[in-house]
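So the sequence lines, in the order shown, correspond to chains A and B.
Each residue of the first sequence is one higher than the one before, starting from 291 at the first, in our numbering.
Each residue of the second sequence is one higher than the one before, starting from 291 at the first, in our numbering.
These are calculated hints, taken from the structure and not from any lab test.
Computed from a predicted structure; not experimentally measured.
Each residue gets a CB set at the ideal place from its N, CA and C atoms; glycine is no exception.
Check the hints yourself; a few may be wrong.
Unchecked claim - DEER-style ranges, computed between Cβ atoms:
(1) A:Glu-355 x B:His-570: 31 to 37 Å
(2) A:Ile-293 x B:Gly-515: 55 to 61 Å
(3) A:Thr-296 x B:Gly-311: 22 to 28 Å
(4) B:Lys-500 x A:Pro-349: 43 to 49 Å
Protein chains: 2
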Amino acid sequence: MKIITTIPEMKAVIRGHRSQGRTIGLVPTMGFLHEGHMSLVRAARKKTDVTVVSIFVNPTQFGPEEDFKAYPRDINRDSAMLEKEGVDFVFYPEAGDMYPKGYKTYVEVHDLEDKLCGRSRPGHFRGVCTVVLKLFQIVEPDFAFFGEKDAQQAIILGKMVRDLNLGVQVVALPIVREPEGLAMSSRNTYLSPEERRAALVLAKSLKEAKRLIDHGERRTDVILGKMRAMIGQEPLARIDYVEAVDTEELEPVKELGEGTLIALAVYIGKTRLIDNMIVHLER
Amino acid sequence: MKIITTIPEMKAVIRGHRSQGRTIGLVPTMGFLHEGHMSLVRAARKKTDVTVVSIFVNPTQFGPEEDFKAYPRDINRDSAMLEKEGVDFVFYPEAGDMYPKGYKTYVEVHDLEDKLCGRSRPGHFRGVCTVVLKLFQIVEPDFAFFGEKDAQQAIILGKMVRDLNLGVQVVALPIVREPEGLAMSSRNTYLSPEERRAALVLAKSLKEAKRLIDHGERRTDVILGKMRAMIGQEPLARIDYVEAVDTEELEPVKELGEGTLIALAVYIGKTRLIDNMIVHLER
């Protein structure tokens with residue numbers, strides 16, 4: 291495994307592999323890897339000839355009041371984990387190379403970027419789209435792997451790829467959870483033991499939604515109401531949003547259908563956590 | 291020469307040529323070709339193995355009050371001209387394929403897009419950047435050729451390419467002029483004979499600027515003042531802007547230097563025309 295820190299070297303390496311007809315898989319991450327990331331890495335290893343994992347805490351996707359500086363980083367631990375998985379290249383660029391002085395260009399997926407997480411994180415998805423488009427141009431992947439935990443991100447990036455005619459296929463893989471149900475996230479490290487217990491309410495509320503749906507409930511006001519009430523019982527939790535939307539336009543739906551996205555964001559203390567579920571109706 | 295009208299076919303053809311190691315040249319146009327375009331085509335032919343000319347009147351770069359519908363089109367005449375030059379492929383997509391229902395993704399080069407032409411054409415450069423990025427993804431050119439008549443466009447696209455790490459080199463080629471000095475433009479067809487005579491004032495004012503510079507004048511307020519006065523003498527002309535800016539930030543400069551851009555936009559009747567000159571100081 292090789293760690294590459296400059297854009298020209300990464301481009302040159304990729305050109306070499308592409309000229310040999312090898313397929314490239316990219317797993318874009320912000321590092322501080324967990325089992326959720328590793329599931330993406332394994333999928334990339336399986337599906338493509340050359341696996342590139344990028345590690346870059348992308349400043350443009352953080353708001354001024356957000357946790358860019360505090361975001362956990364540990365390149366040595368990350369590298370060791372990736373080496374063990376047989377990854378070929380880690381792309382680990384510097385912020386000043388990705389966004390040199392005078393940087394001006396941004397990509398936006400209108401409408402979708404203002405909904406759900408976009409409402410409380412203005413500019414976040416513009417930063418995500420911009421850095422991912424840049425990574426796609428540098429690494430030229432055939433397949434790029436993202437986690438379904440960031441459901442809105444996966445939907446927006448899929449739309450960006452189709453709209454801009456990019457030659458990459460976006461693969462979204464299921465949420466990986468801790469044994470108690472908490473969705474894996476690098477931000478879980480922010481939680482105190484007490485907060486970590488409180489954070490289980492996100493997954494529990496989704497489980498309650500699933501129970502209601504399995505019993506035939508289709509009215510989203512009823513389901514979301516129960517979820518909100520359950521989260522409301524948790525003193526350390528403060529709801530950002532709990533919504534049921536279609537996965538094309540991210541517009542709220544009144545009645546659940548196959549493929550409806552139930553998504554939520556909840557502050558546990560100062561830490562904002564997200565979780566979600568795609569509804570599959572039994573037939 | 292083959293005319294290709296669908297995105298998947300264009301992509302497939304390009305993949306074939308790229309896998310053979312051939313270099314690709316792209317000349318993006320809105321059609322109704324003139325000698326300015328043909329100079330780009332000849333440069334592409336000379337510099338690359340496979341030349342693709344795109345013809346697409348891009349709706350997203352026209353404002354609601356602008357001339358999208360009236361813009362001149364003649365695919366048969368254009369094809370004949372390109373065939374004669376030995377072009378390999380004409381890419382001639384439909385608007386509904388480039389921007390399908392529900393299209394949402396746009397690329398912007400902030401700051402630069404609001405200046406000069408951007409002030410009177412809000413959204414114009416967003417449309418240009420978006421369509422050119424799409425064409426770059428579809429055609430995967432090694433080199434793309436643009437005219438210096440659209441100086442701001444060439445500067446913005448160069449910036450987009452660098453910022454987004456695109457694997458294409460932007461080549462900008464000199465303005466081609468009619469014998470009387472009028473810069474070639476598809477929009478010149480809008481002009482009545484009387485207006486066409488009046489339109490010469492753009493090039494004449496640049497010539498006057500050059501004369502002053504050759505005589506040692508460096509103060510832009512003096513030079514631009516003379517240009518404005520000269521254009522003001524022409525009853526059919528109405529100034530949109532006359533400016534002297536640096537080519538990095540497009541910010542007005544008080545004193546001319548090597549490489550300063552003197553650019554102007556002038557309405558002749560209802561037709562908005564542009565012209566410009568890059569200052570080269572004698573040593």
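Right, here's what the structure says about each hint:
1. Separation of Glu-355 (chain A) from His-570 (chain B) is about 49 Å and departs from the stated range, judged on CB atoms against 31 to 37 Å.
2. For Ile-293 (chain A) and Gly-515 (chain B), the Cβ-Cβ distance of about 58 Å falls inside the hinted range of 55 to 61 Å, so the restraint holds.
3. At roughly 25 Å, the beta carbons of Thr-296 (chain A) and Gly-311 (chain B) sit within the given window of 22 to 28 Å.
4. The hinted range of 43 to 49 Å is satisfied by Lys-500 (chain B) and Pro-349 (chain A), whose Cβ atoms lie roughly 45 Å apart.
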